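Protein sequences appear in the order of chains W and B.
Heads up, the first sequence is in the numbering used here, so the first residue is 17 and it goes up one at a time.
Heads up, the second sequence is in the numbering used here, so the first residue is 17 and it goes up one at a time.
Calculated directly from the structure, the hints in this document are not laboratory data.
Heads up, a few of these hints could be off.
Identical copies go unnamed one by one, so any copy, or any two together, can satisfy a pair.
[Claimed, not checked] Straight-line alpha carbon distances no greater than 27 Å define the calculated DSS-like cross-link-like pairs of lysine-lysine that follow:
1. 116 with 18
2. 123 with 44
3. 18 with 123
4. 116 with 204
5. 58 with 271
6. 128 with 271
7. 152 with 208
8. 128 with 44
9. 64 with 128
10. 271 with 18
11. 18 with 128
12. 271 with 64
13. 44 with 116
14. 64 with 152
Only a predicted model underlies this, so the values are computations on that prediction, with no experimental measurement involved.
Protein chains: 2
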Amino acid sequence: MKVYFVSDGTAITAEVFGSAMLSFFDVKIDTISVPFLTTEDKARGFCKQINNEIALGHQTLVFYTISDPVISDIIQTSDSHCYNLFGDLLSPIENALGVKARPTAQKAHGIKEGVYDGRIDAINYALANDDGCSVKNLDEAHVILLGVSRSGKTPTSLYLAMQYGIKAANYPITEDDFDPLKLPSALKAQKKKLYGLTIDANRLHEIRTGRMASSKYASLRQCRYELSEVETLYRQERIPFLNSTRLSVEEISTKVMADMNLDRHRV
Amino acid sequence: MKVYFVSDGTAITAEVFGSAMLSFFDVKIDTISVPFLTTEDKARGFCKQINNEIALGHQTLVFYTISDPVISDIIQTSDSHCYNLFGDLLSPIENALGVKARPTAQKAHGIKEGVYDGRIDAINYALANDDGCSVKNLDEAHVILLGVSRSGKTPTSLYLAMQYGIKAANYPITEDDFDPLKLPSALKAQKKKLYGLTIDANRLHEIRTGRMASSKYASLRQCRYELSEVETLYRQERIPFLNSTRLSVEEISTKVMADMNLDRHRV
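For reference, chain W alone in the conformation it holds in the complex (with noise of 0.2 Å):
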C-alpha cells in the first residue's frame, strides 16, 4: 500500500494527521510526501503518476489537504481513494464560528507574523545553554532541564524551543554534585523553574556503550550510581521529574510543559 501526502503547502499537516490514522492499522505502509502541489498542471501530472501506479496494480491512498477546489477537483478525479482531510470539517466549523473560511493557500507551516523571531532565538538560546556551558543567562529560562549524561536533555530543549518557542536551558549533574549530595549553587536562585529527567540504568548503559563502549562512564555500575544519586537529589530539593526511558522526545516535552505550567503554544 502506498500512502501519499499531498498539499499546497509543506504537506506537514497531511503527514501528522496521515501518520496518525494509519497507526492504528496494523499495515505494511510506504508514506510519500507531495508539497507544494499549487497548480492545475501539478494536480494533473501527480493524478497521472498515481492511475499509472493503480495500473502496475498497486494499491493506493491519497491524503491532502489543498484549498483550491479546482485543484481539489482535479485530485479526486484520480483512481485512488482519496481523503480531503479539511473537508468533511471545514463546513461544521463555519457554522460553529459563525464566519467562513478563506479559501487561501494552507500556510499553517508559513511563516507567522510576530512570534517567528521568538522561535529563532529560543533555538539559539537552547544551544548557548546546552549542556550547561552557560549560566549566565537562566534568569532568561522558561524551563531548567536536569539530568545525568544522555538521559535526554539536550532533544528535549531543542524540541521546546523548535515547536513552541519555550526557552530550555539544561544542565548536567555529574559526579562533582555529588559528594556532599547538592544543586549546583548556579541553580540554587532558579529553584522553580528545575524539572529533572532520570532514565532506567540498562537503557542508560546501552546509550553511553554507543558513546563510548568499555569505558568507566558507560559501565552499568556508573550508570546506576549516578542515577541513584540524582534521584536522590530531585527528592532532596523537592524537583519535579521524570523517567525519559519510554517515551519520545514529544512525550517528555508534553510532560514537562504540562508539570511546570509552561504556555502550550506552536510557534
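Using the hints, position chain B against chain W.
Frame of chain W; chain B shown alone:
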C-alpha cells in the same frame, strides 16, 4: 473563542491539524492543549471545566483524538461543539485498506521502535557538525547546508534531524572563501550533498543587528557583499540554492528535502 486540543496522547496531532484548520478563519482564538486524557474521570473533569466556561458565556470548540470510545462518548456529552478528528475518516479508511482499526491509545507521537536511535543520532550529528565545527564526518551527511552567518542553516539542520532523522551538516561561507572565490576545500569531495541558503540583504542586516548592533558584521554593506559573493559561488559551482527570507524552517526543510531527493519520513 477558546479551542481545546484534547488527546489520550501528546495532543500534537490535534494541535497540528486543529491549528491548520483554524488558520482558514479570521477569528481571534485562544488555544489550550489537553494531553494524556486517558481515563473516564479525567474526561468527566474536562467536561465540567468546558461546561463552566460555557456557563460563563465563553464560546468553545473541542478538537479531539481519542481511541477509547467510552472516553470519546463522555467528551461528546459536554455542552461544546466537539470534533472527533479521526471519527469520520476511520471507517472509509478501514474499507479502503480492508483491515479493521486497532482501538489502541494514540501513539502517533510515542517512541517508534527501530527509528528512535536514528533520530537521536541525527540530532547529535547536527549539533556536532554545526557551523563547520567539524569536517571529519561529512561523509556521513545526507545533506550539507551552506550559507553566510545567520542565513538559517542551524535551525534547518536541527529540524531535518528532529522530524525526519536526516543527518544535515552545515558549513558557513565566510570572507576567507571570497578571494579568490572558491569552495572551502573540505567541501570539494561532497559536491553532490551541498545545498545553499541565501537571504535578502535587508533581512540579514536586521537579524545581525539584533546580535551585534553597529558592527561591520551587521552593516547593510557587508551583508550585501557577502550575499552577492555567496550567490555567485553557488552559481559558479552549480550548487542548488534557496532564498530563505520569507520561509519558515518547515518550508525551507521541505524544499531542501524535495530538491535534494532526500528520503522524507517522519521519525
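Hint by hint, where does the structure go against what was stated? Just the numbers, ascending. 4, 9, 14
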